[in-house]
Structures are given as structure tokens and as C-alpha cells.
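S.K.: Chain by chain, the residues run as shown.
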Amino acid sequence: MRKKTQVADVNRSLYDIKDKFEYSFKTDGLNEDVIREISAQKNEPDWMLEFRLKSLGIYHKLDVPPWGPDISGLDIDNIITYVKPKTDLNVTWDDVPEDIKNTFVRLGIPQAEHKYLAGVGAQYDSEVVYHSVQENFRKQGVIYLDMDTAVKEYEDLVRKHFMKCVPPSDHKFAALHGAVWSGGSFVYVPAGIKVEIPLQSYFRSNAPGAGQFEHTLIIVEEGASLHFIEGCSAPKYSVNNLHAGCVELYVKEGAFLRYSTIENWSKNMYNLNTKRAIVEKNGTIEWISGSFGSKVSMLYPMSILKGEGARSDYTGITFAGEDQVLDTGTKVVHAAPYTTSNINAKSISKSGGVSVYRGVVRVLPNAHHVKSSISCESLMLDSDSRSDTIPVLDINNDEVDIGHEAKIGRISDEVIFYLMSRGISEEEARAMIVRGFAEPIAKELPLEYAVEMNNLIRLELEGTIG
Amino acid sequence: MAERFLVIKDLHVNVEDSPILKGLNLEVGRGEVHVIMGPNGAGKSTLANVLLGHPKYEVTAGTIEFEGKLLNDLKPDERAKLGLFLSFQYPEEIPGVTMENFLRMAKIAQTGESISITKFNRILREKMDLLAMKPEYASRYVNDGFSGGEKKKSEILQMLVLEPKLAVLDETDSGLDVDAVRVVAQGVKQYRSSENAIVIITHHSRILEYIQPDYVHFLIDGRIAKSGGPELIAEIEQSGFAALQSQSGRA
Chain A
1 MRKKTQVADV NRSLYDIKDK FEYSFKTDGL NEDVIREISA QKNEPDWMLE FRLKSLGIYH
61 KLDVPPWGPD ISGLDIDNII TYVKPKTDLN VTWDDVPEDI KNTFVRLGIP QAEHKYLAGV
121 GAQYDSEVVY HSVQENFRKQ GVIYLDMDTA VKEYEDLVRK HFMKCVPPSD HKFAALHGAV
181 WSGGSFVYVP AGIKVEIPLQ SYFRSNAPGA GQFEHTLIIV EEGASLHFIE GCSAPKYSVN
241 NLHAGCVELY VKEGAFLRYS TIENWSKNMY NLNTKRAIVE KNGTIEWISG SFGSKVSMLY
301 PMSILKGEGA RSDYTGITFA GEDQVLDTGT KVVHAAPYTT SNINAKSISK SGGVSVYRGV
361 VRVLPNAHHV KSSISCESLM LDSDSRSDTI PVLDINNDEV DIGHEAKIGR ISDEVIFYLM
421 SRGISEEEAR AMIVRGFAEP IAKELPLEYA VEMNNLIRLE LEGTIG
Chain B
1001 MAERFLVIKD LHVNVEDSPI LKGLNLEVGR GEVHVIMGPN GAGKSTLANV LLGHPKYEVT
1061 AGTIEFEGKL LNDLKPDERA KLGLFLSFQY PEEIPGVTME NFLRMAKIAQ TGESISITKF
1121 NRILREKMDL LAMKPEYASR YVNDGFSGGE KKKSEILQML VLEPKLAVLD ETDSGLDVDA
1181 VRVVAQGVKQ YRSSENAIVI ITHHSRILEY IQPDYVHFLI DGRIAKSGGP ELIAEIEQSG
1241 FAALQSQSGR A
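Residue numbers (the working numbering), protein chains in the order written: chain A, 1 to 466; chain B, 1001 to 1251.
The hints are simulated quantities; they were obtained by calculation from the structure and are not laboratory data. One or more hints might be untrue.
[To be verified] Ranges of calculated distance between the beta carbons of each label pair, as one might list FRET restraints:
#, chain 1, residue 1, chain 2, residue 2, range
1, A, 412, B, 1072, 42 to 48 Å
2, B, 1242, A, 412, 53 to 59 Å
3, B, 1240, A, 411, 16 to 22 Å
4, B, 1063, A, 18, 38 to 44 Å
[Claimed, not checked] In silico BS3-like pairs for lysine-lysine, Cα to Cα no more than 27 Å straight-line:
#, chain 1, residue 1, chain 2, residue 2
5, A, 407, B, 1151
6, B, 1056, B, 1009
7, B, 1165, A, 443
8, A, 61, A, 164
9, A, 26, A, 61
10, A, 139, A, 160
11, B, 1056, B, 1165
12, A, 281, A, 160
13, A, 407, B, 1165
14, A, 443, B, 1056
15, A, 306, A, 407
16, B, 1151, A, 443
17, A, 42, A, 172
18, A, 139, A, 54
Positions of the beta carbon are idealized from the N, C-alpha and C atoms, including for glycine.
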């Protein structure tokens, strides 16, 4: 088959290459001793240990959500809660052990860092193995560190914000996260600083049957701006893995933050991730989200528009294939007047895959002159697949301007015929239609990610023509 | 005809189990322009679609041969690669795929040869100029939000870029204003050569004011009821299809 001209082809097996399962320390299961061990390993301040223990208590009290996809296949009690890779944090790739480094090279991380990123964090299982930020941004006061280091070096700042946006009491997996979190990135952009090129953290899970609980905390001060990219992948194992990360974003007055994610977890992964932003006056949060992997995803990035004139844009695409249930969407709380939200959600399902858009737009009584526009489009590639749209509007103010549209469609035979009549094969015709459907999302991604997304779409579609 | 270019023999076609073409015979030679006229429901669009191999149209008997190759079992893309082209009556919209990308991919698929983005862009611009299309067209999504006239122009643009050996124009002149018909006709004239052939399917004669056909056929109730030269067009304009239908004994 002919390949794209300018880009190397991505092979699915790239994500599936397993490194030998090696570690310097790990903990199985979940109890107070395990938490104490993790905290001791990390040499954390006491308040963090107390926070973990308090979260564990909350975890035991909460039930799993009564709604959403079936997650009964997840055996949390027997999950490996903490896997410390056989290396410490490194500041040059040369110091990262060869096999781990090769994994990230295959994923293109050091190459991307060299070409178009202002800083990179790379996490392998529970710990960050590499972190760096360009000198000129560091000089301007930009902090980009692995979370564990930040807890020690910027203790006050972290303590003030850590799980204040997403408290452990939010839901069972937030509590779990509070108890066993490890790794992740901390970003602080001082007032007025514009970080023109993106920072990227990549989370790679290698250990079978393990959980990944990275914590990302980003503070963008007044008038500052940042584009943060998050990537994730894991090789496929026969046992189930869990990802219960937490992302907390603080967007201050007049600040701008774009948070882009390309999630490509293996199909044995339960992706129960929590992401939330608090946006102050005239601040903007933009969520760009591509979800391709995992067995089950429950992911609803939330924006709390706290200050007047705050804005949230959500642009998301999910692609659910065989045995996948991707239940995603976004929540917006309009908590102040003159706040705006735009939601553009697209989903593709094929081979029995289930895509669900689940979202909430809530307008609080005081929030007048709110504007919100919601568009959900889904494309089903065959009759075995499913797509649902569950948008909830909870509007408590009359002076609002809210628009909602939903479209569910299939690829028509007429369109396929049209493309084939121009000499394009049926397989390529389908891929072209699907890529076109995803184009509004792809064009929001950095080029390399758009290319990766298109390749993922192609891979998902390969061999679908009987 | 000296050379067998397109030969359709005793073609029977069903659509959803009902017979539409009932023994159609047609030969088109290289360098010729044929016009097929007929009333609504006679099978004109069926003929266009079956030539390109639309899966909904089932050939129950008969053969379609192009340059000596039997087309019956070939898929639409295989037929396109042999040099067939259909200008659709109702072109499909492909949101998210730009005209330029789409056409470049189609060109590469047909020729099997890579062509650089810049080189292709040059060719595309040249053809767009012929059709008085603004440069922005190239970066618009295929037919997405196009007016009726723009869609038909887009079909002719595709024809000019893909350079097929046989172009079938299905009602390309319908729904167009006078200016658009003239532009489309100019595009067709540009394409016309001794090396290729054109089959124009239409139920009125507007486009024929600009393009002089070699042969005219009346398609009535699934068969070619009458064939002749351009003089037949005047006959239709005077007496209409009803007269022909009663002439051929199946009204």
C-alpha cells in the first residue's frame, strides 16, 4: 500500500513493545502500610503522608459511581499501586537506562523535545525518569518539574493547590488518587510570561497489572499563557491496568492555557482520569482531547468559570473500536456572569465499540449573560457499534444564550461510491471520510500529533474491509 | 467504428429487484461525443451509475466492455483506474477533506505515481483558472457548502485534473444558470479530444448549444429507442418524448 509521503508510518506494535518488567521497588494492593511505604520511598513531608492516609479513608467510604460504563472487570484490591522504575530522575537522556530511553525514543519524545518543545517530562510507570525545561524559560521564572520534586522544592505552592481543585472526596477514584498518587508534572508560569512553545509530559505505563496515578498541577498566573501537551500509552497485557491520574489547572485573571491530550492507552486499561480547571476573570482554558485507547474510559474534563468573562473551549474526539467503551465529554460550570463555553465533541465507533458523549453545562443563578454552544457529532462505521449522546443542561439564569446540536451518522454508500469512482480504494475512502470527520480536531493539534492521530485512525481502519 | 472503445451489449440492470435497463446496446468510439436523452425514469442515471459500478445497481445480463476489458465485475476504483469518470448529478460532500488533498490522492491512486504538493498545486490552479474558479476553492472541503453550480464546476474540475479516457456527464447542466452552463461547457470543450470520449446524459438540450455531439440517442424504458446525429435534438425539442414513446410502442 502507498504510504504518506513526508511522514514515517506509525505501527501499532510500536505502542505494544513491552520492556522487561523490572523495578527497584513496588507495592501491591491498597492499605495503610502500602501508603506509608510509598510515602517513605518518596521521603515526603508529613502533611503529604497525612493527606494520603485521609484520602485512603475517604476511598473506603465511597462507592464506585452508579452510572456510566461497567468497570466491574477492575480489581483494585489486587492492582500494583506503585512501581518505582530501576532509575532515578535524570536531567539528560544519556543517563536514562537504555531500554527505558529506547521506549521514549520509539515514541518520538526526545526528537520532539529537540524540535518543537520548550520542555519535556517523561514518566515510566510510577516515577518520572526525565525532566527538563529550556533555559530561557527557566530564567523567566517558569517552573516545570516532576511533581515529587515540586512537593519538596515548592512545598508551599503545592500545598496551597494540591487537590484543592479536585478534592479526594470528589469521587472514589479521586480518593484513590489522593492516596497513591505518584509522578506527574508541576508547571508554574509567572504573571505576564508567555510560553510560546509547548511543554509536554509523556506518561508510559509498562508494568502489567499496575495502576498509574500521576498528578499534574499547573498554575498560569495573571496574563500568562501556556500550551501543555500530555501523551500517554502502554503495551497491552492480558491483565487489566488502571489509570487514575488527576489534572488540576489554575488559570488566573486574563491567563490562557491550552491543555492537549492524545491518549492511546492499551486496550486492557481502565482510564478513570479526572481533569479540572478553575478559570478566573477573563481567563481561558482550552481542552483539546483525543481518546483512542483504553478498554473503558470515563473522562470528563471540567471547567469552573469562576470569574467574569472566563471562557472554556472543549474540542474532543474519541475513537472506540472493538471491546472499547469510551465514555467521555466535558463539564462546564458557569459560576460568573459573561462567561462563555464552546463544546465541540466528535466520536467514531466501529467493530462493536461504544462511544458516549456525556456532558453537563451548568449555569448558576448569578451567572447572567452566559453564552454556551454545544455540538456533538458521532460517526458509526458499522451496525455493530454504538453511539450515545447524553448532554445535560442545568440552567438557573434566564439571561443566557445556549445552543445545542447533536448529529449521529453513518458513512453512506453513496459517499464511498463517489470517492471510489475517482480511483480511491474502499479502504482509503473510508479512512478519508473518517479523517475528514476528525479534521476539525486534528487541525487544533500540533502537527506531529495530528499526524499521529491520522495514523492511529488509519491503523484502526486497516483490515476493516471484508 | 474502427476501434472498440466502450461497448455495451444487451445490458439488463435491476435496482432493488426492479428492472430499469432492459437490453441496452451502445457503442462509443474514441474521439466521439454521445448524447443520451430521455424522459425521467427511463434509466439515464442508472446507465451512468452502472458504468462506474455502483454496488446498488445489479447487472442481471449483458456486458460492458471498455478497451476490450470486461467491466462487469470490476469495482468503481478499478474502473476509474482504467480511465472512466462520472460527473455526478448530485455530487457528495466530504467535510474535512480539502479539494486539493482529495484530488491529489485521487490522481496518485489513478496514476500510481507520486506527485509533489507544489507540482500538483500548479496543475490544479491552471485547471481552476479555465473554469474561472477562485483559488480558495482548492482549500475548501470537497463540495461542502457548495452551491449547485459550484458542485457541478467541481465535477468538471475533477474531470480536467484526472484526465479520464471516457467521461460520463450525468445531468451536468441541470440546475445551472446560463453563465454556469457556459463555463461548464467550456470545461468540457477543453477536455474533448480525439483521444477520449464523452457521454452526455441530459433531459434537455441547453448544454448542447455549446457542445456539438457526434451521436444522439433516445433512452426510453430501459432501451435505446432511437439513435442518430445531432438533428435528433431538434426533433425532441419539437415533439417531446411522448411522441417517441408512442412511436416505440410503450407509453
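S.K.: Each hint should be assessed against the structure and marked as holding or not.
M.R.: How the hints compare with the structure:
no.: 1; hint: A:412 - B:1072: 42 to 48 Å; result: violated, 24 Å
no.: 2; hint: B:1242 - A:412: 53 to 59 Å; result: violated, 35 Å
no.: 3; hint: B:1240 - A:411: 16 to 22 Å; result: violated, 41 Å
no.: 4; hint: B:1063 - A:18: 38 to 44 Å; result: violated, 56 Å
no.: 5; hint: A:407 - B:1151; result: holds, 24 Å
no.: 6; hint: B:1056 - B:1009; result: holds, 20 Å
no.: 7; hint: B:1165 - A:443; result: violated, 37 Å
no.: 8; hint: A:61 - A:164; result: holds, 20 Å
no.: 9; hint: A:26 - A:61; result: holds, 25 Å
no.: 10; hint: A:139 - A:160; result: holds, 24 Å
no.: 11; hint: B:1056 - B:1165; result: holds, 24 Å
no.: 12; hint: A:281 - A:160; result: holds, 20 Å
no.: 13; hint: A:407 - B:1165; result: violated, 40 Å
no.: 14; hint: A:443 - B:1056; result: violated, 35 Å
no.: 15; hint: A:306 - A:407; result: violated, 31 Å
no.: 16; hint: B:1151 - A:443; result: holds, 25 Å
no.: 17; hint: A:42 - A:172; result: holds, 24 Å
no.: 18; hint: A:139 - A:54; result: violated, 38 Å
Violation of the numbered hints given earlier is confined to hints 1, 2, 3, 4, 7, 13, 14, 15, 18; the remaining hints are satisfied by the structure.
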